[in-house]
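Student: Each protein sequence line maps, in turn, to chains Y and F. Using this note's numbering, you'd call the opening residue of the first sequence number 76 and step up by one each time. Using this note's numbering, you'd call the opening residue of the second sequence number 76 and step up by one each time.
If you are wondering where the hints come from, they were derived from the structure by calculation, not from laboratory data. Some hints here could point you the wrong way.
[What the hints assert, rightly or not] Derived coverage of chain Y by chain F (criterion: at least 3 residues anywhere in the stretch with Cβ under 8 Å from a Cβ of chain F; other residues may be distant):
hint : segment
1    : 235-248
2    : 281-292
[As the list claims (entries may be wrong)] Computed list of chain Y residues with no C-beta within reach of chain F, every gap over 10 Å:
hint : residue
3    : Pro-81
4    : Ala-208
5    : Gly-356
Note that beta-carbon positions come from the ideal geometry of N, C-alpha and C, so glycine has one too.
The lines below spell out each chain.
Number of protein chains: 2
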Amino acid sequence: MREYAPRRDRALQSLAELASEALAVSSPPNLRYLTGFTGEGLLLLSKTPVLITDRRYETEAQEETSGCEVVAADRGHLASLVEALRTQAPRRLAFESESLTYAQYLTLRDALPETELVSTTKLVENLRLRKTAPEVELIARAAAIVDGVLDAMLPALAPGPTERQVGFELNRALIEAGAEDLSFTPIVAGGPRSALPHATLSDRVLHSGDMVVLDLGALVEGYCSDITRTVMLGDPSPEFVERYRAVQAAQRAGIAAAQPGRPVAEVDQAARQVLIDAGFGEQFSHSLGHGVGLEVHEAPTLSARGDYALEVGNVFTVEPGVYFPGWGGIRLEDLFVLEETGPHRLTNACQARY
Amino acid sequence: MREYAPRRDRALQSLAELASEALAVSSPPNLRYLTGFTGEGLLLLSKTPVLITDRRYETEAQEETSGCEVVAADRGHLASLVEALRTQAPRRLAFESESLTYAQYLTLRDALPETELVSTTKLVENLRLRKTAPEVELIARAAAIVDGVLDAMLPALAPGPTERQVGFELNRALIEAGAEDLSFTPIVAGGPRSALPHATLSDRVLHSGDMVVLDLGALVEGYCSDITRTVMLGDPSPEFVERYRAVQAAQRAGIAAAQPGRPVAEVDQAARQVLIDAGFGEQFSHSLGHGVGLEVHEAPTLSARGDYALEVGNVFTVEPGVYFPGWGGIRLEDLFVLEETGPHRLTNACQARY
Numbered sequence: 076m077r078e079y080a081p082r083r084d085r086a087l088q089s090l091a092e093l094a095s096e097a098l099a100v101s102s103p104p105n106l107r108y109l110t111g112f113t114g115e116g117l118l119l120l121s122k123t124p125v126l127i128t129d130r131r132y133e134t135e136a137q138e139e140t141s142g143c144e145v146v147a148a149d150r151g152h153l154a155s156l157v158e159a160l161r162t163q164a165p166r167r168l169a170f171e172s173e174s175l176t177y178a179q180y181l182t183l184r185d186a187l188p189e190t191e192l193v194s195t196t197k198l199v200e201n202l203r204l205r206k207t208a209p210e211v212e213l214i215a216r217a218a219a220i221v222d223g224v225l226d227a228m229l230p231a232l233a234p235g236p237t238e239r240q241v242g243f244e245l246n247r248a249l250i251e252a253g254a255e256d257l258s259f260t261p262i263v264a265g266g267p268r269s270a271l272p273h274a275t276l277s278d279r280v281l282h283s284g285d286m287v288v289l290d291l292g293a294l295v296e297g298y299c300s301d302i303t304r305t306v307m308l309g310d311p312s313p314e315f316v317e318r319y320r321a322v323q324a325a326q327r328a329g330i331a332a333a334q335p336g337r338p339v340a341e342v343d344q345a346a347r348q349v350l351i352d353a354g355f356g357e358q359f360s361h362s363l364g365h366g367v368g369l370e371v372h373e374a375p376t377l378s379a380r381g382d383y384a385l386e387v388g389n390v391f392t393v394e395p396g397v398y399f400p401g402w403g404g405i406r407l408e409d410l411f412v413l414e415e416t417g418p419h420r421l422t423n424a425c426q427a428r429y
Numbered sequence: 076m077r078e079y080a081p082r083r084d085r086a087l088q089s090l091a092e093l094a095s096e097a098l099a100v101s102s103p104p105n106l107r108y109l110t111g112f113t114g115e116g117l118l119l120l121s122k123t124p125v126l127i128t129d130r131r132y133e134t135e136a137q138e139e140t141s142g143c144e145v146v147a148a149d150r151g152h153l154a155s156l157v158e159a160l161r162t163q164a165p166r167r168l169a170f171e172s173e174s175l176t177y178a179q180y181l182t183l184r185d186a187l188p189e190t191e192l193v194s195t196t197k198l199v200e201n202l203r204l205r206k207t208a209p210e211v212e213l214i215a216r217a218a219a220i221v222d223g224v225l226d227a228m229l230p231a232l233a234p235g236p237t238e239r240q241v242g243f244e245l246n247r248a249l250i251e252a253g254a255e256d257l258s259f260t261p262i263v264a265g266g267p268r269s270a271l272p273h274a275t276l277s278d279r280v281l282h283s284g285d286m287v288v289l290d291l292g293a294l295v296e297g298y299c300s301d302i303t304r305t306v307m308l309g310d311p312s313p314e315f316v317e318r319y320r321a322v323q324a325a326q327r328a329g330i331a332a333a334q335p336g337r338p339v340a341e342v343d344q345a346a347r348q349v350l351i352d353a354g355f356g357e358q359f360s361h362s363l364g365h366g367v368g369l370e371v372h373e374a375p376t377l378s379a380r381g382d383y384a385l386e387v388g389n390v391f392t393v394e395p396g397v398y399f400p401g402w403g404g405i406r407l408e409d410l411f412v413l414e415e416t417g418p419h420r421l422t423n424a425c426q427a428r429y
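Take the sequences, apply the hints, and build the full model.
Tutor: Right under this line is the structure:
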């Protein structure tokens with residue numbers, strides 16, 4: 076994928092609208108998006124971009140990037156950035172206010188009294204919202220990996236192992252299936268622990284009669300996938316079936332609503348209303364979904380508070396869930412890329428039939 | 076470990092020296108250090124502390140913490156913090172300038188016009204520098220896990236597998252040995268790739284005649300360990316042996332210098348001088364070591380630029396290395412806790428004999 080120079084050009088266009096000649100890129104995924112560099116560092120984005128790292132990553136910086144001067148010094152990234160800025164001397168320097176810390180801001184302000192600092196948010200993130208075909212291809216590969224792992228493991232899931240053991244098997248299977256890493260530590264939450272939407276792996280043994288929430292993702296060339304399934308070990312109670320079907324219906328409603336041009340708050344509401352009508356509105360305690368790309372949680376967030384209208388090229392999850400403390404939880408999550416004709420499903424692993 | 080309330084008291088004492096009544100804690104390890112909470116959130120540290128999270132982590136927040144009011148709302152952590160601050164109305168609010176982003180700073184400033192914001196650095200980090208006995212015990216347990224894994228795996232390491240496969244075996248073995256997680260993705264770098272101090276796992280097959288750098292760590296109740304070994308697959312060349320012994324000698328010199336009261340720059344220099352004298356000064360391209368605790372890299376950094384004098388209770392690595400692009404690299408890393416009598420070694424896995 077050699078899209079880096081055009082991406083930098085687009086970012087420079089956004090910068091020009093802010094009357095700034097340069098942007099200090101401090102967000103790691105934005106750095107990778109604009110350069111391909113996988114190490115730690117900063118980017119001084121300008122007509123003559125400078126990639127700043129240290130000697131630990133010098134080789135990677137040279138091999139992975141092109142079109143940027145590489146500075147790999149031992150004095151600290153911010154000190155190297157100041158050095159490069161003294162050379163380029165932009166009148167107005169934009170910075171990423173959501174990743175630059177206040178302490179780093181003070182350092183830049185004090186070191187560059189002649190430069191006006193311009194606080195920006197989401198300048199590069201907005202470019203990342205719409206994925207290109209090569210990006211979707213990588214996400215689809217990451218999705219195919221979680222699909223394959225779940226298709227192989229879910230039908231065989233049975234009482235006996237601990238959550239941690241199942242999590243570790245998922246980990247092993249994802250790497251063996253070609254993931255360069257996990258996009259996050261898997262969630263395997265059984266019985267009452269499934270009521271924790273972000274449970275960590277515990278040593279609790281999975282029992283017959285447990286519902287089990289499995290939430291996992293793979294990483295392919297830096298791009299993430301994300302999927303959740305809920306299964307019942309043993310015979311599902313009528314109560315479980317009722318709640319499971321309500322979550323399924325909510326997911327279907329969310330998917331149907333996720334059309335180009337549709338405000339994310341309406342998409343969230345479409346799914347939420349199904350659960351409210353079923354009497355589970357209070358138990359759906361998070362937003363409907365999130366964007367996925369170089370980060371496993373990125374824009375757009377599908378939530379009641381969002382003010383974004385979906386666009387072709389967005390990649391996002393649709394993942395309603397209901398959580399009953401003491402009883403358990405049910406969540407279903409799939410990954411989609413938005414096309415002209417609507418959401419195209421990227422995850423297809425077996426849905427349990429209840 | 077129930078040290079949380081006394082830790083908060085010590086942090087409040089540091090705050091009083093800044094004439095501030097409250098501290099907004101945004102650094103995740105600082106949050107965990109002061110409360111025990113393992114989820115995502117913020118802490119308003121004051122005489123009546125408020126732990127701020129969201130409904131995803133509500134159960135964990137209630138179970139893991141005591142002595143704090145818990146707020147678990149859906150409006151966003153910073154908005155909840157503003158809410159809590161409007162109630163407590165401190166005249167001066169300290170914040171952690173190295174973890175609060177500039178955007179978050181602007182939000183606080185604009186929402187709280189009556190409150191003076193006081194930028195702080197390392198207020199809680201300074202408390203974390205000196206580990207207590209229960210903390211050292213957890214780090215020692217994490218160190219014993221990497222020791223056991225290396226003692227079992229290193230003698231059997233042979234040509235054939237890829238770096239990624241070996242990395243995965245390390246991962247599996249660490250979890251099976253009781254690590255709750257890894258403290259970082261292991262490094263397994265063979266042949267010329269060992270010249271990259273922070274190589275990622277690749278699909279390169281390990282060959283006879285490769286030197287292999289293995290760098291790994293385990294996590295126990297949030298506390299990290301960190302260790303590196305370098306081994307030669309097959310017969311070591313005289314060149315390898317010379318360089319290996321130089322790194323060993325540098326490590327011994329660094330350990331000997333790491334005494335209570337000794338400035339970290341002198342400790343770094345003691346090891347560095349050995350490599351300079353051996354003609355490898357240029358090839359030792361990073362600092363000598365780093366603190367280890369709730370973070371795998373934390374204070375104190377053992378580097379030429381550091382201005383800290385070692386204290387009893389510090390836990391840190393001593394890890395000289397030499398890196399020759401095209402040839403390979405050699406790094407040896409061990410973990411120590413500083414006692415009155417000098418550094419006590421926490422990692423003891425087999426050192427290869429060359």
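Student: If a hint holds in the structure, say so; if it does not, say that too.
Tutor: Evaluation of the provided hints:
no.	hint	in the structure
1	235-248	holds (count 4)
2	281-292	violated (count 0)
3	Pro-81	26 Å, holds
4	Ala-208	25 Å, holds
5	Gly-356	13 Å, holds
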